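Chemist: Residue-level listing of the chains:
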Amino acid sequence: MRLLVDALIVLLILTNLRLVASSHLAACIYVVALQGLVLGLLPLLVGTDPLTLRACVLSGLTMVLKGIIFPWLLLRALRAVQVRKEMEPLVGYTTSLLVGAVLLALAMWFGRRLPLPVSEASPLMVPLALFTIMIGLFAIVSRRKALTQVLGYLVMENGIYAFGLTFAREEPLLVELGTLLDIFMAVFVMGITIFHISREFDHIDTDRLSLLKD
Amino acid sequence: MNTPSLILPFLALILSPLLVGIVNRTKAFFAGRTGQPLFQLYFDLAKLLRKGAVYSKTTSWIFRAGPVVQLAAAITALFVLPWGGASAPFHFNGDLILLAYLMGLMRFFTVLAALDTGSAFEGMGASREVQFSALAEPALLVGLAAAAHAGHDHIAPPLGNFQGALSLSGIYSSLSMDAWLSSGPALLMVAGALFVVFLAENSRIPFDDPNTHLELTMIHEVMILDHGGPDLAMILYGASLKMWLLGSLTAGLIVPVRTGNAWLDASAVFAGLCFLALLTGVVESTMARLRLLRVPQLLVSAGFLSTLALILLLWR
Amino acid sequence: MLAVLILIPVLAGAAGFLLRSNGIRRGVLLLAAASHGGLTLSMWIRRPGPLFGGWLLLDAQGLLFLTVTSILFLATSLYAVGYLRQEVWGERQDFEEGFLFSNAREAVFTGCLLFFLAMMTLVTVSQHFGLLWVAVEATTLASAPLIYFHRHRRSLEATWKYILICSVGIALALLGTFFLSVACSLGREGHTPMLLTNLIGEGRLVNLPWLKAAFLFLLVGYGTKMGLAPMHTWLPDAHSEAPSVISALLSGALLNCAFLAVLRMQQVCAAAGEGPFGRKMLLLFGFASMTVAALFIVRQGDFKRMLAYSSVEHMGILSLAVGIGGGAGFGAMLHAVNHSLTKGMLFLVAGNILAAYKTKSTTEVQGVLRVLPISGVLWVAGFLAIAGSPPFGLFLSELIILKTAMDQGHIWMATGYLALLSVVFIGLATIMLRMAQGVPVLRPGGRASAPEELSTVENPHVESLLAVAPPLALGALVLILGLYLPAGLQNVLEEAARAITG
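Chains as they are written, first to last, in our numbering: chain P, 1 to 214; chain W, 1 to 316; chain X, 1 to 502.
Mixed in with the good hints there might be a few duds.
In silico lysine-lysine, DSS-like type, Cα no more than 27 Å apart, as pairs [stated by the list, open to error]:
1) W/LYS57 / W/LYS47
2) X/LYS403 / P/LYS213
3) P/LYS213 / X/LYS212
Which chain W residues stay away from chain P? Per the calculated CB distances, all over 10 Å, these [claimed, not checked]:
4) ASP44
5) VAL54
6) TYR55
7) SER60
8) LEU115
9) ASP209
10) LEU264
11) ARG294
Hint data in this document are derived by calculation from the structure and do not stem from the laboratory.
Here the structure is a predicted model, which is why all the values come from computation and not from measurement.
Cβ coordinates follow ideal geometry from the N, Cα and C atoms, glycine included.
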């Protein structure tokens with residue numbers, strides 16, 4: 001079991017890396033979808049008595065939302081805006097990989113220093129969560145396309161979810177569901193906004209959205 | 001030092017051109033051609049050795065020394081290379097650094113010989129070769145360090161002193177099935193990284209096309225354009241030995257058969273090597289060459305995989 | 001009671017989406033606003049008990065902010081009915097850049113407006129930190145379509161920045177919420193729900209490093225929503241591009257909701273004995289916000305942006321006041337109420353000015369007093385109020401904060417606070433008074449570039465009742481609060497101040 005959780009965590013780390021190393025927006029969306037699916041598996045594996053109804057509901061919902069519905073929404077937006085690639089990101093891909101390595105080291109370092117409650121889950125969960133959050137933030141600040149920024153937001157949210165999975169397991173199901181609903185609405189609204197942006201501006205480069213300034 | 005470990009390097013000297021043959025047959029199969037015979041490289045070598053060499057007037061002794069040093073370094077490296085569980089004739093702490101540096105020496109002299117010709121194309125190839133191998137080397141060394149760590153935790157007590165843990169033979173003899181069961185994800189990443197290094201260092205397709213004749217895109221082949229006859233034979237043979245070297249490192253990792261019987265272990269690794277050659281052929285047939293700009297990215301990813309594996313293992 | 005309070009706008013919002021007739025929909029909007037207001041006022045007489053095991057509970061702070069939200073919403077919905085009547089369906093010309101655009105459908109506008117109210121209500125009554133997060137994020141999502149009511153490029157850009165920056169910020173707050181959960185469960189068996197009362201009751205049992213981390217993340221997260229510098233960047237854009245009705249709500253009600261979330265965390269921090277740490281952080285962000293706002297208000301060229309920066313400034317003052325602690329807590333509560341009402345009034349008046357002059361430029365608008373007599377008077381009164389002059393309520397609250405700072409011996413802090421306030425005063429005075437006076441030059445609607453196209457208009461416009469009555473009422477409230485604090489309000493303010501500063 002431990003090995004399986006470790007393998008999934010490694011897979012999650014690698015999906016993060018793939019996200020910052022890829023220029024194809026569609027590929028990035030698939031990577032985030034994969035991440036959502038793997039993340040959805042985790043509630044079943046971590047925890048003392050894994051197969052509670054709560055874990056199953058959460059797992060199923062996460063997989064459906066993050067693995068299927070979000071990617072579908074984003075792919076639709078992608079088709080509508082007719083942009084295929086993230087050209088010339090603010091930080092290049094090779095550099096992004098190196099930044100990723102540094103962030104991973106940072107996450108590991110932090111994860112080791114934090115005073116943590118004893119967790120039955122893998123000790124890698126906290127570094128993974130921190131790393132995912134940082135990669136998400138990095139994607140938001142280092143990419144130009146609005147769509148990639150939404151992906152960064154999703155990845156960041158995934159990281160927070162992974163953190164919550166490890167320690168805030170007592171969080172009531174209602175709150176978890178509310179959180180998922182909010183994120184769903186956020187992605188939905190962002191998708192629509194991206195569609196409008198591409199129609200109004202003929203591009204979705206957020207750094208070129210500079211009409212409003214002082 | 002026992003008999004098998006003495007004989008195995010010499011077997012490698014004989015068998016290594018076969019790997020190139022396997023790769024080429026696989027590619028021919030995918031392309032629907034009959035393809036070269038399996039032993040084509042042996043025939044080529046024999047033919048080249050019978051020929052004389054022509055040297056440009058602008059070249060110096062470095063140009064002639066290049067192939068010799070290269071081959072010598074490759075053969076030396078064979079003597080610290082373990083075949084899976086079977087240990088090498090020579091092993092001592094830190095011999096993995098020696099291996100890495102012998103390969104560095106090979107590259108250094110190939111590059112020097114290429115630069116010695118004064119040709120612009122060869123200089124370009126040399127610069128690319130150096131750039132890419134500078135990125136591939138950390139991936140290799142860190143990957144081996146991770147493998148050492150994975151094995152060290154499961155080494156049998158008699159061998160389990162620190163002495164054995166930092167030599168290639170020590171590392172590889174301890175990489176048994178247990179190591180895979182306890183740290184599978186990490187070892188898988190190391191294997192992935194080593195395979196990428198294997199492809200890059202042997203100028204295989206996502207990095208370089210061994211068959212291309214367009215100088216602008218070539219890396220390794222362009223550097224040896226001016227060599228001919230026995231020199232070329234030495235270079236080709238040296239390249240096949242290098243493939244054997246890196247291949248064994250990868251195959252020794254992915255075939256965790258450690259029976260204790262050196263012959264059995266060695267044949268398992270040889271099977272692994274053949275599989276690796278097959279895989280290379282498949283990769284070459286199904287993938288396109290990467291744009292040169294994307295090559296560093298893949299190599300850095302390999303380095304990242306190695307590092308991640310090491311971190312994972314250190315974490316436990 | 002509380003459930004009904006949330007359900008009214010939810011149901012009305014759903015009706016708003018479904019109804020086809022504009023007239024009925026506006027009626028529903030007004031009805032919902034009025035019944036929400038009435039129900040809220042009834043809670044001043046008898047506070048409803050806890051609901052769902054204490055998840056929903058109206059405490060003093062909640063009651064204050066709920067009331068402000070409700071009053072503002074009533075005023076803005078009255079104004080919105082008049083506004084929607086003007087904004088007929090169809091393409092129109094943008095007065096800044098001259099292109100054609102249309103509005104979002106009125107059903108979307110009304111529906112989202114009501115959902116927005118529902119979510120803000122939920123924020124004020126939720127006692128569980130997870131639920132609080134869900135509600136705050138929901139306010140962002142419900143208000144995004146409102147900002148994009150005028151479907152053109154600038155509002156779209158503002159909407160995008162608003163959604164992305166706020167969502168990312170609030171995601172950090174979610175992380176902070178999880179940290180808080182770790183802080184509470186570390187080294188202890190069993191589980192206590194993350195209700196405010198539980199957390200305060202457990203006080204010193206929580207793990208301090210995690211608590212501090214949680215505080216920082218929640219402060220940065222909700223601070224983004226609240227418009228604290230340097231996370232305020234979305235705020236001027238959103239406030240200037242949204243319809244003025246929405247700007248009034250964003251500034252007067254939404255920022256307060258985020259502030260309430262920060263307050264709740266500060267309460268937990270104080271209960272755990274880390275009050276000074278939290279106060280220090282609040283002071284830092286408060287000063288940063290005031291400074292940034294003061295710098296941007298001076299010579300601001302867009303009067304709605306000016307008002308937006310003024311909101312940043314006042315959020316800074318609130319944060320500063322809580323940071324000072326002691327008696328300033330009372331000042332902070334009073335200030336929050338006063339600021340919301342004043343800012344609501346000012347944005348509504350700004351909407352009137354914008355409708356008459358078709359420009360947001362502070363240099364092109366002149367002579368408001370002559371063109372729009374009532375709005376002009378309100379604009380000047382609003383200037384006096386927002387800049388903190390007597391006899392308006394903000395003077396009182398700013399004075400209390402200053403006095404507490406002096407009493408506690410923070411002379412430098414008091415000096416800096418006064419200096420920033422005077423910079424803002426001068427900045428606002430130059431812009432707002434110049435706009436009010438002078439000879440009016442009106443654009444004939446649409447864009448006008450050459451001066452000869454501009455016609456000088458001397459005779460005043462007729463101002464509709466719906467456009468001036470709501471800001472007038474809000475202004476009157478601020479004036480009353482400056483002159484006389486009713487005993488009931490005083491009690492609630494004191495109770496709230498005790499809760500947040502101990």
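Chemist: Starting from the hint list further up, note which numbers the structure goes against and sort them upward.
Modeler: 2, 3 and 11
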